[in-house]
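Asker: Take a look at the letters that make up each chain.
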Amino acid sequence: MNDLIDRTDTGSLRVAAPVAFVDVVKRFPGGTTALDGISLELAPGELVALLGPSGCGKTTALRVLAGLERADEGHILIDGVDVIGTPTNKRDIGMVFQSYSLFPHLTSLQNVEFGLRMRGVAAAERRRRAAEALELVGLDHHGARYAHQLSGGQQQRVALARALVTRPRVLLLDEPLSALDAKVRVQLREQIRGIQTELGITTVFVTHDQEEALAVADRVAVMRAGRIEQIGTPEELYARPASAFVADFVGLSNRLPGTVAEGAVIVGTQRLPLIDPAVAAGAAIALVRPEDVVFAAAGDADARPAVVLTTSFLGSLRRTRVRLDDGAELTVQHEVGRHPVPGEAVHVRLTARPVAVAPA
Amino acid sequence: MSGMPGATRTGVPTPSRLARWGILGTVGLLFAVPIVAMVEFTLRRGLEGGYSLDRWITVLTFDLGPEYRVLGQAIGNSLVLAAATVALMLVLLVPTMIVVQLKLPQLRRVLEFVCLLPISIPAIVLVVGLAPVYGVISRAAGSGVWTLALAYGIIVLPFAYRAVQSNLDAIDVITLTEAARSLGASWPTVIARVLLPNLRPGLLAGAFISVAVVLGEFTIASLLNRQNLQTALVIVQKDDPFIAVIVTLISLLVAVGLLLVIGAIGRGTTRRTS
Chain D
24 MNDLIDRTDT GSLRVAAPVA FVDVVKRFPG GTTALDGISL ELAPGELVAL
74 LGPSGCGKTT ALRVLAGLER ADEGHILIDG VDVIGTPTNK RDIGMVFQSY
124 SLFPHLTSLQ NVEFGLRMRG VAAAERRRRA AEALELVGLD HHGARYAHQL
174 SGGQQQRVAL ARALVTRPRV LLLDEPLSAL DAKVRVQLRE QIRGIQTELG
224 ITTVFVTHDQ EEALAVADRV AVMRAGRIEQ IGTPEELYAR PASAFVADFV
274 GLSNRLPGTV AEGAVIVGTQ RLPLIDPAVA AGAAIALVRP EDVVFAAAGD
324 ADARPAVVLT TSFLGSLRRT RVRLDDGAEL TVQHEVGRHP VPGEAVHVRL
374 TARPVAVAPA
Chain S
68 MSGMPGATRT GVPTPSRLAR WGILGTVGLL FAVPIVAMVE FTLRRGLEGG
118 YSLDRWITVL TFDLGPEYRV LGQAIGNSLV LAAATVALML VLLVPTMIVV
168 QLKLPQLRRV LEFVCLLPIS IPAIVLVVGL APVYGVISRA AGSGVWTLAL
218 AYGIIVLPFA YRAVQSNLDA IDVITLTEAA RSLGASWPTV IARVLLPNLR
268 PGLLAGAFIS VAVVLGEFTI ASLLNRQNLQ TALVIVQKDD PFIAVIVTLI
318 SLLVAVGLLL VIGAIGRGTT RRTS
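Protein chains in written order, with the working numbering: chain D, 24 to 383; chain S, 68 to 341.
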């Protein structure tokens with residue numbers, strides 16, 4: 024339970040959030056538990072990303088919210104009303120799917136009109152609103168085209184317009200960018216975020232791409248094995264991961280063996296503060312971000328000798344893989360002005376920023 | 068490799084142009100010889116020799132004597148049977164396939180097996196099984212010609228199933244359905260406004276091929292003592308083989324026409340889904 028969900032004296036749910044999952048359990052035939060009692064609430068106008076590896080339950084959570092899967096236990100609330108028994112077509116949602124879902128026999132404009140037609144909106148009003156929605160996604164000149172005459176990015180933008188035109192209570196995005204090429208993906212995710220912010224529509228965005236989740240979401244819920252491992256702002260998840268899984272999944276991490284003692288982890292000669300000081304003492308793996316590893320001069324305190332293995336230019340930064348004298352390998356993230364050469368002898372050290380640890 | 072004769076981009080050897088024309092010519096001859104022979108036969112004048120279009124004109128202007136009334140009635144019967152068989156296919160088979168595709172995908176192989184089964188069972192064997200069933204049907208619903216559509220519904224299953232299933236496979240039925248549901252569509256609306264328009268090519272192909280099968284069916288009708296075009300042709304042939312052959316050629320033309328329509332629909336589907 025949380026600030027937005029509580030129970031009255033009679034036990035019924037009282038929910039301030041526009042969308043809430045309350046102890047939702049979903050089991051599939053064969054015994055797989057896709058959702059293991061997840062609870063999550065969204066604030067009005069918030070975009071929450073469900074992030075996790077394949078099979079973690081993120082898409083199932085979205086489908087349960089949409090009514091496309093039936094929850095075995097728990098409650099789904101939209102605007103405070105339990106919709107667990109409400110069919111999909113009565114939930115007043117907008118949804119964009121991973122695979123292209125435009126109706127092939129209808130033009131873009133007719134596709135966008137479809138939801139309005141289902142709600143009995145008059146033809147003239149329907150056409151006006153559909154044209155506006157297409158204009159919102161920058162496709163006002165593509166209304167007469169069929170799906171097969173549009174690119175993948177354009178199809179997803181029409182699908183977004185179709186989902187938004189009915190002014191749904193919640194917008195559900197099920198990996199809408201995963202079928203697109205990298206450049207279009209970045210453009211469209213920015214467009215989605217812009218439109219979502221402009222309209223103030225409460226949105227759930229499912230993705231397995233951590234960069235995408237961190238870029239568009241107000242908060243990110245990292246899922247693992249049907250549970251929410253951690254939920255927080257992108258900054259919180261990146262800087263203060265609650266577990267080794269989150270640290271590993273959100274951003275890159277170097278794994279360095281060390282020893283936990285007195286609220287810190289000792290790695291080589293360096294003492295790094297712990298994000299969670301309550302970690303039990305003993306052997307552990309420190310998870311150090313690449314930007315927390317820096318090149319150092321040979322005489323610097325804590326500098327360790329290493330050999331450059333590979334280096335990658337990534338536009339605004341460069342990542343270089345090095346091997347330490349004890350055989351451990353590290354990724355160093357640094358500015359592009361430095362050009363390490365494979366085989367070059369260098370020295371590296373860790374910055375003293377708090378780190379997460381995983382069991383050894 | 069793509070520029071080399073006799074090989075495709077995938078490296079699989081293909082016959083040379085000469086071999087392809089040779090194969091096409093041989094197969095074409097195999098089909099053409101009996102058809103040309105039939106046409107030639109219908110044009111013969113008889114004992115006086117020479118050729119004439121008189122018999123064709125008689126048939127095409129419906130200027131046949133009362134002894135050929137059976138032919139008109141049989142054509143009517145076959146058309147009723149074709150319509151009833153197509154209706155059965157649309158009402159029973161198509162909804163079943165949609166339900167299996169959407170909700171019971173684990174039953175797809177079973178449905179496919181059941182639907183393809185009739186192609187491997189000889190019509191005579193089917194009739195042996197169907198005869199007692201038709202005894203019950205006759206007592207319950209009479210022995211109208213339309214009842215034969217129940218048996219025809221079985222024999223067209225393999226053809227109709229393949230036509231509809233290939234269309235179902237070509238569109239993402241599940242995503243389209245879920246998209247429509249999320250936009251507020253009820254189940255009947257999903258079927259009427261989303262699925263059926265996108266299944267139209269498959270339904271048309273299934274319907275046309277069913278019509279072609281029904282128009283050419285003889286064994287079941289004959290053994291169950293019903294009259295259709297093919298059984299009537301056998302009767303007519305005893306009196307006037309020329310007329311029987313002319314009607315056969317016309318029905319063959321209709322069947323070829325239907326197949327060309329199916330081909331055109333298929334090409335349209337490929338363009339739309341590509």
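Where hints are given, some of them may not hold.
Claimed, not checked - With a cut-off of at most 25 Å between alpha-carbon atoms, the simulated SDA-like pairs for lysine to any residue come out as follows:
(1) S:LYS170 / D:GLY53
(2) S:LYS170 / D:HIS128
(3) D:LYS113 / S:VAL240
(4) D:LYS113 / S:ARG260
(5) D:LYS113 / S:ASP130
(6) S:LYS305 / S:GLY283
(7) S:LYS170 / D:PHE51
(8) D:LYS206 / D:GLU235
(9) S:LYS170 / D:TYR123
(10) D:LYS113 / S:GLU134
(11) S:LYS305 / S:PHE108
(12) D:LYS113 / S:PRO162
(13) S:LYS305 / S:LEU159
(14) D:LYS206 / D:GLY97
(15) S:LYS305 / S:PHE129
(16) D:LYS113 / S:LEU171
(17) S:LYS170 / D:GLU69
(18) S:LYS170 / D:GLY274
(19) S:LYS170 / D:GLU198
(20) S:LYS305 / S:GLN168
(21) S:LYS170 / S:PRO225
(22) D:LYS113 / S:ILE241
(23) D:LYS113 / D:ALA167
(24) S:LYS170 / S:LEU159
I should point out that these hints are in silico values taken from the structure, not numbers from a laboratory.
Asker: Which earlier hints can't be squared with this structure?
Answerer: 5, 10, 13, 14, 17, 18, 20, 23
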